[in-house]
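Colleague: Chains as they are written, first to last, in numbering that gives the first Met the number 0: chain A, 0 to 101; chain B, 0 to 192; chain C, 0 to 393.
No false leads were mixed into what you were given.
When the alpha-carbon atoms are kept at most 30 Å apart in a straight line, the in silico DSSO-like pairs for lysine-lysine are as follows: (1) C/184 with B/166; (2) B/132 with B/166; (3) C/42 with B/132; (4) B/127 with B/170; (5) B/127 with B/166; (6) A/42 with B/127; (7) C/42 with C/184; (8) B/132 with A/42; (9) C/42 with B/166.
Examples of chain B residues lying across from chain C (beta carbon under 8 Å, computed): (10) 21; (11) 24; (12) 28; (13) 34; (14) 35; (15) 36; (16) 38; (17) 61; (18) 62; (19) 63; (20) 64; (21) 65; (22) 67.
I should point out that these hints are in silico values taken from the structure, not numbers from a laboratory. C-beta: ideal position from N, C-alpha, C; glycine also.
What follows is the residue order along each chain.
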Amino acid sequence: MANETRKFLPSWRTIDSAGTVAVPGSSEKFLTGDWRTERPVWKAEACRHCALCVPACPDSSIPFGADQRRGGFDLDHCKGCGVCAAVCPFGAISMIPEGGLK
Amino acid sequence: MNNALEVRWHGRGGQGAKTAALLLAELAYEAGRKAQGFPEYGPERMGAPITAYTRVSDAAIRTHSNVYEPDLVAVLDETLLGTVDVTRGLKDGGRVVVNTPSTSAQAALLLGLPESRVVAVDASGIAKGELGKPIPNVPLLAAVVRASGLLPRDEFLAALREAAAHKFASKPGVVDANVRAAERAYEEAVHGE
Amino acid sequence: MSGRTALLSGNEATAIAMRQARPDVFAAFPITPSTEIPQYFSKFVADGETPAVFVPVESEHSSMSACIGAAASGARSFTATSANGLALMWEELYIAASLRLPVVMACVNRALSGPININNDHSDSMGARDSGWIQLYSENAQEAYDQFFIALKTAESVGLPAMTCQDGFITSHAVEPVELLEDGKAAGYCGTWKPGRTLLSGPVSMGPYDGAEFYMEHKRQQSDAVSQAFEAHARAVREYGALSGRLLDPVEEYRLDDAEYAFVLIGSSAGTGKDAVDRLRERGHRVGLLKIRLFRPFPAEAIARALSGRRAVAVMDKCDGFSGSGGPLAAEVAGALYGTPAAERPELRPFVYGLGGRDVWVEEFFGIYESLRNPWAADAGRVEYRGVREEAPV
Numbered sequence: 000m001a002n003e004t005r006k007f008l009p010s011w012r013t014i015d016s017a018g019t020v021a022v023p024g025s026s027e028k029f030l031t032g033d034w035r036t037e038r039p040v041w042k043a044e045a046c047r048h049c050a051l052c053v054p055a056c057p058d059s060s061i062p063f064g065a066d067q068r069r070g071g072f073d074l075d076h077c078k079g080c081g082v083c084a085a086v087c088p089f090g091a092i093s094m095i096p097e098g099g100l101k
Numbered sequence: 000m001n002n003a004l005e006v007r008w009h010g011r012g013g014q015g016a017k018t019a020a021l022l023l024a025e026l027a028y029e030a031g032r033k034a035q036g037f038p039e040y041g042p043e044r045m046g047a048p049i050t051a052y053t054r055v056s057d058a059a060i061r062t063h064s065n066v067y068e069p070d071l072v073a074v075l076d077e078t079l080l081g082t083v084d085v086t087r088g089l090k091d092g093g094r095v096v097v098n099t100p101s102t103s104a105q106a107a108l109l110l111g112l113p114e115s116r117v118v119a120v121d122a123s124g125i126a127k128g129e130l131g132k133p134i135p136n137v138p139l140l141a142a143v144v145r146a147s148g149l150l151p152r153d154e155f156l157a158a159l160r161e162a163a164a165h166k167f168a169s170k171p172g173v174v175d176a177n178v179r180a181a182e183r184a185y186e187e188a189v190h191g192e
Numbered sequence: 000m001s002g003r004t005a006l007l008s009g010n011e012a013t014a015i016a017m018r019q020a021r022p023d024v025f026a027a028f029p030i031t032p033s034t035e036i037p038q039y040f041s042k043f044v045a046d047g048e049t050p051a052v053f054v055p056v057e058s059e060h061s062s063m064s065a066c067i068g069a070a071a072s073g074a075r076s077f078t079a080t081s082a083n084g085l086a087l088m089w090e091e092l093y094i095a096a097s098l099r100l101p102v103v104m105a106c107v108n109r110a111l112s113g114p115i116n117i118n119n120d121h122s123d124s125m126g127a128r129d130s131g132w133i134q135l136y137s138e139n140a141q142e143a144y145d146q147f148f149i150a151l152k153t154a155e156s157v158g159l160p161a162m163t164c165q166d167g168f169i170t171s172h173a174v175e176p177v178e179l180l181e182d183g184k185a186a187g188y189c190g191t192w193k194p195g196r197t198l199l200s201g202p203v204s205m206g207p208y209d210g211a212e213f214y215m216e217h218k219r220q221q222s223d224a225v226s227q228a229f230e231a232h233a234r235a236v237r238e239y240g241a242l243s244g245r246l247l248d249p250v251e252e253y254r255l256d257d258a259e260y261a262f263v264l265i266g267s268s269a270g271t272g273k274d275a276v277d278r279l280r281e282r283g284h285r286v287g288l289l290k291i292r293l294f295r296p297f298p299a300e301a302i303a304r305a306l307s308g309r310r311a312v313a314v315m316d317k318c319d320g321f322s323g324s325g326g327p328l329a330a331e332v333a334g335a336l337y338g339t340p341a342a343e344r345p346e347l348r349p350f351v352y353g354l355g356g357r358d359v360w361v362e363e364f365f366g367i368y369e370s371l372r373n374p375w376a377a378d379a380g381r382v383e384y385r386g387v388r389e390e391a392p393v
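So here's chain A without its partners, still in its complex pose (with noise of 0.2 Å):
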């Protein structure tokens, strides 16, 4: 029985010497992107690219290029929560429900 997972993770012999991460940034590599119930839709027509939204994300998940423009969201990484919504005076961003069974 026990739990099945537990093989695919390293023994004790192999694990990093006290957690220590070694390789930098390796937070974006954790997608807490599937973490979303709610998703942002982005409406490019109505953003006035005010750039509100971009500090407000506590997921640094709103890309804002060196054109001082903003795109798409970072999908990967993004919560959810709403908050950029929430921000934007130009109501550019709406949340829909994430997709159920595909």
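Since the structure of chain A is already known, use the hints to place chains B and C on it.
Modeller: Positioned in the frame of chain A, the structure of chains B and C alone reads:
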């Protein structure tokens, strides 16, 4: 354990999986059974997959471990079906109750189980309709109670009303809405054939 | 509130016991998984259900300091904490004990850092075992509730602080049936504390410098109080048993009568172990379990009596002592058995299990039992780790 029922709950932080697990224990306990309800512990984060458990028995419950061979699995969020192995350890003949607007046939296909072992109920839809918020735990609890045969319908609704009245003493409207949501889910929670 | 039975978490049951024990002061800083205890208690205060003063502080160093100050003034003083919070109280733990102040603490066991972890093991309170505090460990929410009263009674009758310990999350956050005392009965059992000299009884100085000429006498005095705690605890248990019908002796023997093999452990896994014993017994195996409730002072005689004559015993620590030979429970049990005649002395095998919340289920006990029945592999080392991912060295 005598006449035991072990339930594993899968949900996401914020959907009320822990509350449902504890509430099921409380309903069973108030009905004269022994019960234990607990979450699997970790940092609690909105949206992260979480697990909770309920044990019910006629005998005192002494074991303090997670449930590895559940009689019933309750899934509060259908998006978990793609990422979490919800049927792991499910007992032969055990059932899965899923919150989904899809049919039990569709859910069964995804779970790789015969339709007779899957109960699909649109708990979020019912919650949105009755409570105005898509918090699926109380309607899904109703489906679990029906699938497990733990309590007859009227006894369940009365016990739920009492438990909710205690919790929402200052908001009688919330009590009514929860009981309505549970009633609807109980009616709609029919497993496939 | 009267003698009702309710489905409660270990934390809520403990907070209710604390209210019923009628403290004057409750000082705390929140830390997972004990946070709910001060949370419930502060609600009792806000709702007027207790006249106690709730002192919110900025750290556990301060919560224990506040309890010491309050107890030194003659106030019945409680706190609750876990892991790193307990560690931050370290200096004050010793001061409370050496000032002979019966502060009572609910410790909700959690792994003490490195790497950071919020789940259960006993590394926090085990580190504090030699600080002069009485320690009681609970298997479930009912025991956590009951033993709080027993701890208080023992502490106040010998003038030593006491901590009750329960397993973080496993019992602190699980709801289970708990039978509560009526408020009046609980208050009657706890009585009122009659302190000796206090800060309010006249001009006194507490905790002055103690030179080499005096220090050892004071330590000997403290040790004498610890010895008296056995009898005080036994009395507290008897009285509590008469009141509640529940007898919480220093150790609990489970199906040990004719057992050749035994599990020895503390805390919530003892319940899981009892279910394992039942299933092994069904298959004809002569195995039993010894649960230790009172860890400080250590009931060595009762343990030696219960274990002598067994073939082999597995002493299970939810804490590594990093001694190279298992955890503190194994060392203490080995010490307790040393005076047993060689022919009666069981083989003792130390096990370390359940660290940082690693789950322990009935089957884990079957594995330990199998290991116990077989000769010890020469390369096994002095301690066996259970539930850890192993593989052959590359």
